[in-house]
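Spelled out from the first residue to the last, the chains are:
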Amino acid sequence: MLEVRSLSASAAGVDVVRSVDLTIGAGEVHVLFGPNGSGKSSLLKAIMGLSPYEVTGGDIRLFGHDVSGHAPDERAALGVGMAFQSPPNLQGVSVRSLADALGADDRLDEALTMLDLPGFDRRQVSVGFSGGEVKRWEVAKLHLQAPRLLLLDEPDSGVDLEHVAAVAVAIDRLVRDPGDGAAPRSALVVSHTGSVIEGLEVDVGHLMVGGRLLHTGDPITLFDHIRTNGYVAPEPATTTS
Amino acid sequence: MSTTPTTPLTDQRTELLREVGYDDGRAGTSLLVDQQIVASESAHPDVEVLPIGQALKTYDWLQDLMFGLIDPDEDEHVQQAAELLNDPVGHFVRVREGAVVTSPIQLFSILESPQGRQFTHNVTVIEAGAQVEMISGAAVPPSVHAGHHISIDECYIREGASCRSVSIERWGANMESHGYARTHLEAGASATTTALQLAPIRHHLANSVTWVERDGRNNDRAVMLAPAGTERVVDSTVHLVGDRAGSESVTRMVSDGGVIVNTATLVGDAPGAHGFVGCDGLKLTDDGHIEAVPALRAVDPTAQLSHEASVGRIAIEKLEYLMATGLDEDAARDLIVQGFVSLELDAVPEAVAELVAETIASAKTGGM
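For the record, the sequence lines run as chains A and B.
The numbering of the first sequence is this note's numbering, which starts it at 952 and goes up by one.
The numbering of the second sequence is this note's numbering, which starts it at 246 and goes up by one.
So that you can see chain A by itself, here it is in the shape it has in the complex (with noise of 0.2 Å):
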């Protein structure tokens, strides 16, 4: 699904991401873990081909695909969605008309009853919306899209104690049910928290510091290590997928 080979990324002149490799198969679901600034958003804008990353090295396939030099809607043609971290107002666009132009106007209530946003067809996208009605509206969003890879940015903060069990929930039912007899999909997953992943079936973790992938292994076992000992990597470190 997702292959990144010694990627390495830059935004406006700074290095972000440092020779990472990272391979998420089909139906894995993979937990990036990290402290602020050590480059996991910086990551998923560069797979998803965002401003104003900039790929310096290194290559990201995308479903066998080379996505050097591709759009983000040609990304996304190839089936990868992503739930932003700090989407942008789109003052007067409605919910509503977006999941029109996304073809999508039958699921829509169904995935904002499914993220507890009743009446939220009529907002405008991410206009007024509190810290965790963005994060539901961003996994709500990727219902909506339907994508076999989902990149998800901190789909946890700032999102009440209520709300982080509906949001797993959700973000596990994209990604064990598809519907349809579909295969299930595949996910990488950004937490500062870790918050979400009691609620989610998580099969691998990574730490990320630095632009670098310090760490890869059991998530719950990774996520217990940084718990007790912050953002460092456990000893002796295992070789990075």
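The hints are all genuine.
Covered, in the sense of this in silico footprint (three residues per stretch, anywhere, with C-beta under 8 Å from a C-beta of chain B), are these stretches of chain A:
#1 1020-1026
#2 1043-1052
Negatives, chain A to chain B, calculated, CB over 12 Å:
#3 Val965
#4 Ser970
#5 Ala977
#6 Pro986
#7 Gly1082
#8 Ala1133
Partial pick of chain B residues on the chain A-facing surface, computed with a CB cut under 8 Å:
#9 Ala560
#10 Glu562
#11 Tyr566
#12 Ile581
It is worth saying that the hints were derived from the structure and are not from the lab.
Every residue gets a Cβ at the ideal spot worked out from N, C-alpha and C, and that includes glycine.
We have chain A; now place chain B onto it with these hints.
Chain B only, in chain A's frame:
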């Protein structure tokens, strides 16, 4: 019910006018074609719709209202219209005191003669306590590209009356239009106007002045689009002349290669006057320009006035956000533009809310 002998609306004309708000069964209808009022009728006992010439003969007090709000020497175009005073062309609308008119009054202009020149001088009187909705539309047949339309509208909204109106213009791409609107809101009166100026036009001047008396309320919104080859010059002034008079003016401008110059001035003359002017512009290409000039003049020290103005391109982060959902760049751009110019339809007469939404939705960049 007042009715004037009319020339029936032809199917061709009604089809054209439906795009700018026409419908059957309205409280009143006026249609100006070239330089002749061809339809002037009322279907409501408290509504009069007359050709202005006939109205002047019927009501001598109307003479005092013609050019009561605008100087005949305002500029060369108004002067030209004033020269036609011996045989004025336009409509007169009167809504009687206390009337509640739920069906809109509709007023239209069509220029059917290529290269034609059209002068119209309209007077509207909404008497005390009356409530009314109005739709005005302007159109040309597809065969007409060039011509010149000059209009003067003087609107008197008497004490405690309210008027909610929408105007939709679809002139020809090579036309000129000069519009002068003057509105006087008496104490406690309110006016809510929505203007859609989306079709290509070579040069369009919209000049308006509104006076708001004690506790009166003015609320106007305008959406304008300027594709390449279109120039729109908007100059509006609202005088808050009565205690606690209020006004809110919001303009959304999109340049897709054309020029928009929007000067909106709010004057707080009276104690407790309060108002807001917002001018936001979106520039889609390197060509053309948008000039937004919101101006405030607080004459009374207790007046509370504020403004906002912004002009810029579509933010790349907004485009990419939508593109990351799978929309291509054009679709993403259209969605953002549609959102930018969208209006809360609560302020639009219900009878045309759907048409207004559709008109805005179909306003693709590059012209309708």
